[in-house]
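Trainee: Chains as they are written, first to last, in my numbering: chain A, 1 to 91; chain B, 1001 to 1528.
Simulated from the structure, these hints should not be mistaken for lab results. All C-beta atoms in this analysis are idealised placements derived from N, C-alpha and C, irrespective of residue type, glycine included. The reader is advised that the hints may include incorrect statements.
Derived CB-CB ranges, DEER-like [unchecked claim]: (1) P15(A) to P1455(B): 18 to 26 Å; (2) E1139(B) to V65(A): 17 to 25 Å; (3) A31(A) to P1024(B): 41 to 49 Å.
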Amino acid sequence: MWDARFESVIRGHLPHLRPELPLEPDLLLAAHGLDSMGTIGLITALESEYALTLPDEAVTPANFVTARTVWDTLRPLIPATGPEAAAGGTA
Amino acid sequence: MSAPRQEGVKPLHAWFLDGLAVNPDGPALRLNGRAWTYTELHRAACDWAGALIAGCGGRPRRVGVLASKTEEAYLGFLAALYAGATAVPLGPEYPVERNRAVAAAAGLDAIVVDPAGAAQVADLASAAPVRVCLTGSAEVAAALRESAALDGAAVVTPDGSTPAEPLNDGVDRLAYILFTSGSTGLPKGVPIRHGNIGAFLSAVLPRYEIGPRDVFSQVYELTFDLSMFEVWAAWASGACLTVLNRVQALAPERVAVRQGITFWTSTPSLAAAVQSRGVLPAGALPGLRYTMFCGEPLPVETARHWSSLAPNAVIDNLYGPTELAVACTGHRLDPTDAAGPDRAVPIGRPFPGVRHLLLEDGEVSGTVGELCVAGPQRFDGYLDPANDAGRFVDLDGERWYRTGDRVRQDGDGLVHLGRTDGQVKVRGYRIEVGEVERAVRRAAPGLDAAVFAVPGPGGEVLAGFVIGRAELDAAAVLKQLAELLPPYMLPGQLWPLAAAPLNPNGKIDRMALREEAVRRVADPHRPA
Chain A
1 MWDARFESVI RGHLPHLRPE LPLEPDLLLA AHGLDSMGTI GLITALESEY ALTLPDEAVT
61 PANFVTARTV WDTLRPLIPA TGPEAAAGGT A
Chain B
1001 MSAPRQEGVK PLHAWFLDGL AVNPDGPALR LNGRAWTYTE LHRAACDWAG ALIAGCGGRP
1061 RRVGVLASKT EEAYLGFLAA LYAGATAVPL GPEYPVERNR AVAAAAGLDA IVVDPAGAAQ
1121 VADLASAAPV RVCLTGSAEV AAALRESAAL DGAAVVTPDG STPAEPLNDG VDRLAYILFT
1181 SGSTGLPKGV PIRHGNIGAF LSAVLPRYEI GPRDVFSQVY ELTFDLSMFE VWAAWASGAC
1241 LTVLNRVQAL APERVAVRQG ITFWTSTPSL AAAVQSRGVL PAGALPGLRY TMFCGEPLPV
1301 ETARHWSSLA PNAVIDNLYG PTELAVACTG HRLDPTDAAG PDRAVPIGRP FPGVRHLLLE
1361 DGEVSGTVGE LCVAGPQRFD GYLDPANDAG RFVDLDGERW YRTGDRVRQD GDGLVHLGRT
1421 DGQVKVRGYR IEVGEVERAV RRAAPGLDAA VFAVPGPGGE VLAGFVIGRA ELDAAAVLKQ
1481 LAELLPPYML PGQLWPLAAA PLNPNGKIDR MALREEAVRR VADPHRPA
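So here's chain B without its partners, still in its complex pose (with noise of 0.2 Å):
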């Protein structure tokens, strides 16, 4: 399926290659105490990209990165743009089914594996026509030699034998493929162009003034789409990309005063657990001079005591789904904002070439309703065709994505207003509950379930009930849940109910159990 080159379109690795330009032998990426320049990084990645096109014996089309946070996981990514390929992020810690539904999916056949994603790797290649599989662990590419799992694929340690210069016209014209939870209970992949990402990168950049003496923080995985912005905006300006893991973001007064941040990127609910820890005292983080908060709706009570934290912080508030290239709208935070105590910050303007419209029962509407979305920004449809039934609209022309985001039109501003079906947001990560009930359902065969997402102490949570029999051995569900869905997915709470309530239409009534949820999640000792 080789697409046409797209004359004019900067590909996604040509940004990194402007950092390059301007900062050569300053920090490109800074892992834990190891550091990179441009320079440095750029010839790692020319040498990984030719392993991989030698590998494959000519250029890769998609490249599976199995890799959390090492340097597998940043040269992998810009060696699989490099060498023309389309980059397909995999969780290590996902379950080794799910990540082999992606790996079929997408049709990898070529994949970079870091230590944690070792295990897995076999798995993976048998689902997908792998030809080469690269590490920089000399000890990983041993142990998988040693094996002889990977039957047909060559194991490499790039060593610079045959560099590769970055190739501007790649196989297809996607830069990434990413995988969201799907209703339907599969992962959808959504493949994003390199006009897509650029158009966002574009659109996003002039709102900061950011440059190499900038430090950016990198705290999500490779496969949630907020990281595409800590890397590329840091990359695109010459700047420091500093890694963290899980425990150094939930400290940000430790890490960003150290590691001399100067943007940090956050969703709400990190931001909201930093503040429940109750320790930090007014200006504890005075070096950032900016925040972006982005992946679900920003209370105005936690941008405000994250302002406290670092009152020298510009704060932005973005907005924007996967398929729309990380974020499409975007409000500038003004201290002096005027807001009740639970109203959460708009999700503001959209960006230049951004184009909008509410639909509202069909019809377009001027004031609420769906947000729909067209431009460059604007995703081709997802990797199963099938998943796009009910996703787009055609009116005027043009091709709009149904965000299934309510908004309400505010002035030039929007304001979001919550979803029209079954998608949550737990933490940042979007996950549809009946995506998780059906992997309940597999896990306690012939029973019901119903999942929700609750306010727990520290944001929402997942909890749920599996429905059909009064007792349940609810861990051992849990531990074979674990085997179905990532971590994120997974139920805090299930609890065994008997028989479900039932509305007036004789259906399972979620409003009565969703707030027998909430009220057990507040309430533990309560007896059910």
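The shape of chain A in the complex, shown without the other chains (with noise of 0.2 Å):
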């Protein structure tokens, strides 16, 4: 569903995910403690990692429910240059 940089940056936000367990897409990402200012840690790290900047209107508490609805607000706007970003983006 998405690419590995992804995976590794959500996991980096949710400090009560065991490494070992997997990373369903519809876990709740408050249940595993990503609060409002971890949210904004996410946003932060996700618009440096993909070189991208997140419209005020997708910062909303709705967007950052479960590692399925961060995937669905990010992945129309990356930029489909390298051909990294393009194998995440249709992945």
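Need the complex rebuilt from these two chains, each delivered in its own frame; the hints are there to steer you.
Mentor: In structure tokens, the structure reads:
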């Protein structure tokens, strides 16, 4: 569904998700330690990882409920330039 | 209970009409990428007010606004006032049992609901004489009609067919009723008259040079009266109200800059949370002209950090309980103020029209005591008169509201010293720990509880003990608590304790328990 970079950034912001457990698409991020402050950190990390800027209207709690909602928010914004980004965008 | 009309009192919505007069084509509200000009918002509010009146078969008396930062929240509040009714904000994220108690106590005869509130609306309508339920969402309306759960109440999506002009003489003299945490375990209704909130606006607006070019942040829910400043200071000035969600509010360097915000209203906790992110450079918020802090004591350190982020902002520290219509004293921060590192910023001088005295051991004191306030901002009493007991004192032919805040007179200003009771502030929300403890006892029958506000990594947090058992499924108790208390009142930590330490009087030694809670929050890995 998503690329390894995305999974790594998300996991880095879930202090309560044990590393051996899978990151399920519908896992509730809040239940694994992502609060509003963590969400800001996650946004900054994703913007830096993918060299993009989330528009203000995408910065809503509803877009950061599960890994799936985050990916659905992010994917259309990822510039499809490098082969890695293109692969991520079509996975 | 229709009260006589008060001649000469400006209704709250007339302050919006002031903004409409000076900036009819400018933006009044920006929300999730949508914008309304003053004229558009006014016409929509007329349509919604007309739908409320038509749906109730006459003027409604109390309109519940079960909505969170949606068009229903702002239009619903304004339309309730236009229709001559009292607005009663309700939080969709609050437990349904609590909202039902509010709906019943307020006697709602109409509800405005947004998609987030839709799940609760039938439960609330059955607790009060609700005649009509308004929503801007066709989907919500269709779902509510289909479920047929709203017996007796019509579901209406305003279509502009019955617009009403703003009414200046409401059914009663109240502008809004807010519900705050009550020590008896039930939320206390605080009715605020048009005259109370109007006196506040008259006193506070001259503190700022604001107008149609200003852009206000709107961070706080309408259930929290700090929002009444954001909304009405903006609208009275013809400025633009820009609604931010809780994630955006923590990143002012993004939204304040991109949205051109010039006036930022904040609890000290929010500013401290921004500070704790540690990534914002000095001068990150150059466009802010003003920041108003309110809701809890403002540490000098927090104010100074904010001032470094927003070097062009004039910083105001306001103080006041909901009962005195948002705020009744203010201190303008002077960057050259000398103060120790952990001193709080003074709460300053009483506003024009606000009369105060200090009460110490039943005597009026010139230096220190409980702050008591009279004047046009003072509410008349709680919705349930039983809550008035002990909250007022009659002196010199005047009825003074006892704030429960201990203050020291310092020159012509005031310094806040602390509370005289069990009320605490967590992220700006006032909480009676007694109400939380009562809920814990309900969730864990047969056990006792002691809950405290203690310093956490990002400000005060609630933590406490469930007393009477050495082992406890704390997660299960917390889950049950979530059915009884709004999110802001949920303890972050609950620890089981077989037996509580007792003081020499044989009572639970709350001082010792509090110290233990402070230790455990400071070092969660330390063995209990």
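Trainee: Between A31(A) and P1024(B), does the C-beta distance stay in 41 to 49 Å?
Mentor: For A31(A) and P1024(B) the Cβ distance comes to about 48 Å; the hint holds.
Trainee: Is the gap between the beta carbons of E1139(B) and V65(A) within 17 to 25 Å?
Mentor: Holds - the Cβ-Cβ distance for E1139(B) and V65(A), about 20 Å, lies within 17 to 25 Å.
Trainee: Could you say whether the range 18 to 26 Å given as a hint is met by the Cβ separation of P15(A) and P1455(B)?
Mentor: Holds, since P15(A) and P1455(B) (Cβ atoms, about 21 Å apart) stay within the stated range.
The structure meets every hint from the earlier list without exception.
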